[in-house]
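Enquirer: Residue strings, one per chain:
Protein chains: 2
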Amino acid sequence: MEGTHAALEDLLVLDLTRVVAGPYCSSMLGDMGARVIKIENPKGGDDSRAYGPYVNGESAYFAMLNRSKEGVTLNLKAPEGKRIFLEMAKKADVVIENYRPGVMDKLGLGYDVLKEVNDRIIYAAVSGYGGYGRYSQRPGYDILGQAMGGLMSVTGPRGGSPTKAGNAMGDILGGLNLTIGILAAVHARGLTGRGQRVDVSLVDSVVVSLENVFTRYWYSGKTAPRNGNTNPATAPYDTFQAKDGLAVIACGNQALYEKLCRDVIGCPEWIGDQRFLDNVSRVANMDELKPLIEGWTVQHTVAELVDRCLEAGVPAGPVYDAAQIVRDKHIAKDRDMFPVIHHPVIGDMHVNGDAVKLLETMPRITRPAPLLGQDNVPVYGELAGLTPEQVEEYGRQGVV
Amino acid sequence: MEGTHAALEDLLVLDLTRVVAGPYCSSMLGDMGARVIKIENPKGGDDSRAYGPYVNGESAYFAMLNRSKEGVTLNLKAPEGKRIFLEMAKKADVVIENYRPGVMDKLGLGYDVLKEVNDRIIYAAVSGYGGYGRYSQRPGYDILGQAMGGLMSVTGPRGGSPTKAGNAMGDILGGLNLTIGILAAVHARGLTGRGQRVDVSLVDSVVVSLENVFTRYWYSGKTAPRNGNTNPATAPYDTFQAKDGLAVIACGNQALYEKLCRDVIGCPEWIGDQRFLDNVSRVANMDELKPLIEGWTVQHTVAELVDRCLEAGVPAGPVYDAAQIVRDKHIAKDRDMFPVIHHPVIGDMHVNGDAVKLLETMPRITRPAPLLGQDNVPVYGELAGLTPEQVEEYGRQGVV
Chain U
1 MEGTHAALED LLVLDLTRVV AGPYCSSMLG DMGARVIKIE NPKGGDDSRA
51 YGPYVNGESA YFAMLNRSKE GVTLNLKAPE GKRIFLEMAK KADVVIENYR
101 PGVMDKLGLG YDVLKEVNDR IIYAAVSGYG GYGRYSQRPG YDILGQAMGG
151 LMSVTGPRGG SPTKAGNAMG DILGGLNLTI GILAAVHARG LTGRGQRVDV
201 SLVDSVVVSL ENVFTRYWYS GKTAPRNGNT NPATAPYDTF QAKDGLAVIA
251 CGNQALYEKL CRDVIGCPEW IGDQRFLDNV SRVANMDELK PLIEGWTVQH
301 TVAELVDRCL EAGVPAGPVY DAAQIVRDKH IAKDRDMFPV IHHPVIGDMH
351 VNGDAVKLLE TMPRITRPAP LLGQDNVPVY GELAGLTPEQ VEEYGRQGVV
Chain E
1 MEGTHAALED LLVLDLTRVV AGPYCSSMLG DMGARVIKIE NPKGGDDSRA
51 YGPYVNGESA YFAMLNRSKE GVTLNLKAPE GKRIFLEMAK KADVVIENYR
101 PGVMDKLGLG YDVLKEVNDR IIYAAVSGYG GYGRYSQRPG YDILGQAMGG
151 LMSVTGPRGG SPTKAGNAMG DILGGLNLTI GILAAVHARG LTGRGQRVDV
201 SLVDSVVVSL ENVFTRYWYS GKTAPRNGNT NPATAPYDTF QAKDGLAVIA
251 CGNQALYEKL CRDVIGCPEW IGDQRFLDNV SRVANMDELK PLIEGWTVQH
301 TVAELVDRCL EAGVPAGPVY DAAQIVRDKH IAKDRDMFPV IHHPVIGDMH
351 VNGDAVKLLE TMPRITRPAP LLGQDNVPVY GELAGLTPEQ VEEYGRQGVV
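Quick note, the sequences are listed as chains U and E, same order.
Quick note, in the working numbering, the first sequence goes up one by one and the last residue is 400.
Quick note, in the working numbering, the second sequence goes up one by one and the last residue is 400.
Relax, there's no trap hidden among the hints.
Since the list gives no way to pick one copy over another, a pair counts as held whenever it fits inside one copy or between any two copies.
In silico DSBU-like links for lysine-lysine, alpha-carbon gap of 30 Å or less:
#  : residue 1 : residue 2
1  : Lys333    : Lys106
2  : Lys259    : Lys77
3  : Lys259    : Lys106
4  : Lys222    : Lys333
5  : Lys91     : Lys106
6  : Lys115    : Lys333
7  : Lys222    : Lys243
8  : Lys43     : Lys259
9  : Lys329    : Lys106
10 : Lys222    : Lys329
11 : Lys329    : Lys259
12 : Lys243    : Lys329
13 : Lys243    : Lys290
14 : Lys91     : Lys115
Hints in this document: simulated from the structure, not taken from any laboratory.
Work out the full structure: start from the sequences and follow the hints.
Expert: In structure tokens, the structure reads:
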């Protein structure tokens, strides 16, 4: 059986999402074999079609996040557009949207309407603050999720200001939770026979990602300080300056610390030093320990010191930037994290691969991202019963 | 039907995971109704039982991440321990582990062995570098995932050093991807009749979270700089100093910028300023724009300026720390992100709630985290056919 199936091959997903959080989710579903139909407004489509980098006039960013999707245009404000959408919703398993909560209801296409035409449909939404709660109508952006969810408060140099993760981490966490919610709701439908709403917010997603931050707060009354790259629970566990860059050395327990001193650095006398006798004292005196270790690391290249540590069984690795990551054979080759696909306008392009390795139904990119409205004729023919002539006429009317 | 089902109520999960990434995944599964049996070594159990904060001698951290799980002890090195595990694996839907790759194979309990006794089993593993590839045997920690996956390279103050997200973000992303992989594999089993391996690495998980960082690299040859809290694509989109703290103002488009100038700050002349005419010029001149905006924000409290922005439709919010988040009524009350549960030793305690809101099968915490070996007698009675006397004898022998 294996190899002939894709994990989600029986699911039909109508994808109304734009920009990052929703498209990240739907591209995962598409790579896992779901049939994802991306529905864009006829006037320009997904906002991220306007995000660089551009190649031959097309957004490579859009192309990366929207592979493995078919693409149609539809004006959800036009009565005929609504009718076409409802016709497709009858056949769909999942609808995904990331409008501000309430927009779909105002369009007359909210969950209450969709479930009347298809009570098995799963209606999945991701927004800044969620579909209910007193802030649900606030406009949300990734940076607000990171700020109000607390991630910024714990990130940054010691003594420095709250710092945003450099990627759209709030969107990514929201997209991952949305994917989990959709798959759980599909499973639940097998038990109940009915679909349901899935509601994910960026702020909630960031909050739960902080794991022990809140537990510590509840019992100490103290908010977590920003710790740079150190770990308040163990030391040495930090970045260290090498000859040609930064490296991580991470000693999670006493045995690893002893190996580092004795077998890697050759200073066994540090093991018995009263300041560094056990993990608790090393955490308390990490500012005295770090320069000692760095006195050794600065004499070596990152590659040398990582090799030396790993030979001794001490966890270590380089601090990579994008250029180093795409050249790393483990990441790029063995784990296939930058597959090349062919886009009709951009040409051959690298995209980000999949982190969820399903060994018998491996995610794979099924098609390049759609040009705007590319699949209108076949999709509306199949799922809304329209002839090519009708699709053309609706195009002239601005319905599709 | 609704309300009487939990989304994953028909799944039996054997959970061998420790510390963060795996337990984060299995607590989500448990909250969504799966029966999760946490299997710990009889000598002390999960390492995170030794992580603070402690309350009445119990780790509140462990208790937070391991709710909604039953708990047994088992020595997987003992022949009788292996036999008991295999007996339970016959009945399980999912086995989850986060050992270093190969450990389960060496124990004689790898996927190849488990699928012989149960070809429907899903074997899900999360590790630093994944179960295959040239680094698979390296020891992995969260900080290495963040460093080698590139998150640190894009996070931090402008001109500053690579900075770790202050939480265990690599572990969290890995745990979320593992959850997705398990649910997708359960779905695929419905199509193929067979289980499979799910393999997730922290490094892969961080790599794909960086979205546009790699796309920009492929087309510019440049690695992304650290941008503090700014956004290289739009401005103003940053943190701003208020009278009593930091606030975010996020203008994702021209209309929002114009509202900010005219309706919030009362400086409509900034709209036509040549330096700030459109988004491209505002990004180029953000260092001149920020002090102008901050000249206004420093005169107001965070709460005042957020209100003023939101009234005008401009996205804004506070930069919260843990103490502020747990007091925020939207987050804590409306979204129920800090439910209180009763733990037999710790007493009533707040734990982190669930970010995946399934409106008809809402995740809920089914039980407090287990004391070490708490459920040995009932679980081994039911799933391994052992009498209470046999469990007791195995306890004396160090098997359970």
